[in-house]
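Trainee: Line by line, the protein sequences are chains Y and E. Numbered according to my numbering, the first sequence spans residues 2 to 219. Numbered according to my numbering, the second sequence spans residues 354 to 593.
If you're looking for bench data, these hints aren't it; they were derived computationally from the structure. This one's a predicted model, so the numbers in the text were calculated from it and none came from an experiment. A couple of the hints might just be wrong.
[Unchecked claim] Distance condition first, Cα-Cα at most 20 Å in a straight line; then the derived SDA-like pairs of lysine to any residue: (1) Lys214/Y to Asp488/E; (2) Lys445/E to Gly152/Y; (3) Lys459/E to Ala132/Y; (4) Lys211/Y to Gly152/Y.
[To be verified] Here are a few chain Y residues that face chain E, going by a calculated C-beta distance under 8 Å: (5) Gln18; (6) Ala123; (7) Ser126; (8) Leu127; (9) Thr130; (10) His137; (11) Ile138; (12) Pro141; (13) Gln142.
[Stated by the list, open to error] If you want a taste of the chain E side facing chain Y, the calculated C-beta under 8 Å gives, among others: (14) Arg429; (15) Phe442; (16) Pro443; (17) His444; (18) His582.
For every residue, glycine included, the Cβ atom is placed at its ideal position computed from N, Cα and C.
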Amino acid sequence: MDFRWDIVSEYMPYFLQGAGLTIVFSLVAIFIGTILGLFIGLGRMSEKKIISYIFVWYINFFRGTPIFVQILLIHFGAMPYFMNPVSPAVSLTVALTLNAAAYIAEIFRAGIQSIDKGQMEAARSLGMTKAQTMWHIIIPQAFKRMIPPLGNEFIALLKESSLGAVIAAPELMYWGRAASSAYYRTWEAYLPVAAGYLMLTLTLTYLLTKLEKRFNLS
Amino acid sequence: MIKIRNLVKRFGKLEVLKDISFNVNQKEVVVVIGPSGSGKSTLLRCINLLETFQSGEIEVDGKTVHFTEKEINELRKNVGMVFQHFHLFPHKTVLENLTIAPMKVKNLDKNSANEKATALLKKVGLEDKMYVYPDSLSGGQKQRVAIARALAMEPKIMLFDEPTSALDPEMVGEVLEVMKQLAREGMTMVVVTHEMGFAKEVGDRVVFMDGGYIVEENNPKELFDAPQHKRTQDFLSKVL
Ligand SMILES: Nc1ncnc2c1ncn2[C@@H]1O[C@H](COP(=O)(O)OP(=O)(O)OP(=O)(O)O)[C@@H](O)[C@H]1O
Ligand SMILES: [Mg+2]
Numbered sequence: 002m003d004f005r006w007d008i009v010s011e012y013m014p015y016f017l018q019g020a021g022l023t024i025v026f027s028l029v030a031i032f033i034g035t036i037l038g039l040f041i042g043l044g045r046m047s048e049k050k051i052i053s054y055i056f057v058w059y060i061n062f063f064r065g066t067p068i069f070v071q072i073l074l075i076h077f078g079a080m081p082y083f084m085n086p087v088s089p090a091v092s093l094t095v096a097l098t099l100n101a102a103a104y105i106a107e108i109f110r111a112g113i114q115s116i117d118k119g120q121m122e123a124a125r126s127l128g129m130t131k132a133q134t135m136w137h138i139i140i141p142q143a144f145k146r147m148i149p150p151l152g153n154e155f156i157a158l159l160k161e162s163s164l165g166a167v168i169a170a171p172e173l174m175y176w177g178r179a180a181s182s183a184y185y186r187t188w189e190a191y192l193p194v195a196a197g198y199l200m201l202t203l204t205l206t207y208l209l210t211k212l213e214k215r216f217n218l219s
Numbered sequence: 354m355i356k357i358r359n360l361v362k363r364f365g366k367l368e369v370l371k372d373i374s375f376n377v378n379q380k381e382v383v384v385v386i387g388p389s390g391s392g393k394s395t396l397l398r399c400i401n402l403l404e405t406f407q408s409g410e411i412e413v414d415g416k417t418v419h420f421t422e423k424e425i426n427e428l429r430k431n432v433g434m435v436f437q438h439f440h441l442f443p444h445k446t447v448l449e450n451l452t453i454a455p456m457k458v459k460n461l462d463k464n465s466a467n468e469k470a471t472a473l474l475k476k477v478g479l480e481d482k483m484y485v486y487p488d489s490l491s492g493g494q495k496q497r498v499a500i501a502r503a504l505a506m507e508p509k510i511m512l513f514d515e516p517t518s519a520l521d522p523e524m525v526g527e528v529l530e531v532m533k534q535l536a537r538e539g540m541t542m543v544v545v546t547h548e549m550g551f552a553k554e555v556g557d558r559v560v561f562m563d564g565g566y567i568v569e570e571n572n573p574k575e576l577f578d579a580p581q582h583k584r585t586q587d588f589l590s591k592v593l
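Okay, chain Y solo, but in the shape it has when bound (with noise of 0.2 Å):
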């Protein structure tokens, strides 16, 4: 097989370059998709119907509907009505941000309805408000049975970025793409980008492995 390593050689700075911002919409997205899913989750848990039925919509419809599509309602649909020109950047950090947010809702969610019905109960008897026994008893317990889902999530969240290459996001995949169109080439365009993806998800897994057991030493 005639491999055309110098293609590989040509496009490894950009392939390097686009890894790197892979790792930067993934990280902005989970961080920022972390908390505003902890919101989404408590309101979906609310107790008043309205707002939980709209959370609960909210929901339905960033998992119930494909990533890609949201990624291109958010980029040609949405971000136009708050900048000009739309950087694709933005919109593909946007769309994995709520997207995953959604997502994050349900494992709160899941999270905190795992920690028994008692735990609620013995802080609410002594004296401390809802607010209170949810921030300081119910949610750090939760958090730790969060980890491992969250850690899913992530990695979810680092291969769908690569859907950033179809509204020219400069990630990793975009670059693939290029160098495919740009030497009508398959495997010295694509093979890195696997590499790369390979690279960042095993490196994650392996962090979330250790940060598991640091959790549950403690």
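Model the placement of chain E with the ligands on the given structure of chain Y, informed by the hints.
Mentor: Just chain E with the ligands now, kept in the frame of chain Y:
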């Protein structure tokens, strides 16, 4: 201290408390006994508003309670509760279990909260367990911590819901001992328990519940030696 008038509590169609009225005076220890499902836990949970109720009135420390968030929290500062399954906070040390509520609810500073907590742990004989996590304690130790945690809020009334039912027999004594000491110090207590020995020794009054009613109440001697109602007699013949 506690006045309950015509309390009715339903879970859906199931009427669990049917027109309950009874009082608890200051420094009195009232023991509630009765078969499983008779509504003992529900009654206790109504007193500190862990359950809502359909009708009736509860007055605690001279104030009729309503279900506003503010009044609920106010009431609970005065009413401590101890649960069958302890419900200690597993992510906090024993000391932190005792200090969190005083610090968050009463805005006590850390030093005074720690000081008071240390004194309480000494009182229940667990000052050497201050810095460990609840998971490493035995059942009896957990329940003593739970009692100390409730006391840290300086309640005027303590409610106990079968505090020794989840314990191995050899640990029941140490928990009852702490409760007896509390009673001697003049704490107002309502205790749901199957420990008839405790009821006889410490109880000022024993209340027998069955099927959502208070069937009979009397001082322990009268109630145990000369129960008036057939249902009380049947129940006592089974447990004594
Ligand atoms: N949250 C709830 N929802 C529906 N029914 C309930 C609930 N809690 C209790 N009940 C029912 O209410 C009745 C009284 O329950 P309660 O726990 O007060 O009894 P108890 O006297 O404490 O019994 P035990 O000795 O078993 O603890 C039971 O029939 C029980 O099934
Ligand atoms: Mg009960």
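Trainee: All the hints need checking, so say for each whether the structure fits it.
Mentor: These are the hints, each one checked on the structure:
no. : hint                 : verdict
1   : Lys214/Y to Asp488/E : holds, 18 Å
2   : Lys445/E to Gly152/Y : violated, 25 Å
3   : Lys459/E to Ala132/Y : holds, 15 Å
4   : Lys211/Y to Gly152/Y : holds, 12 Å
5   : Gln18                : violated, 42 Å
6   : Ala123               : holds, 4 Å
7   : Ser126               : holds, 4 Å
8   : Leu127               : holds, 4 Å
9   : Thr130               : holds, 6 Å
10  : His137               : holds, 6 Å
11  : Ile138               : holds, 6 Å
12  : Pro141               : holds, 5 Å
13  : Gln142               : holds, 5 Å
14  : Arg429               : holds, 4 Å
15  : Phe442               : holds, 6 Å
16  : Pro443               : holds, 7 Å
17  : His444               : holds, 5 Å
18  : His582               : violated, 32 Å
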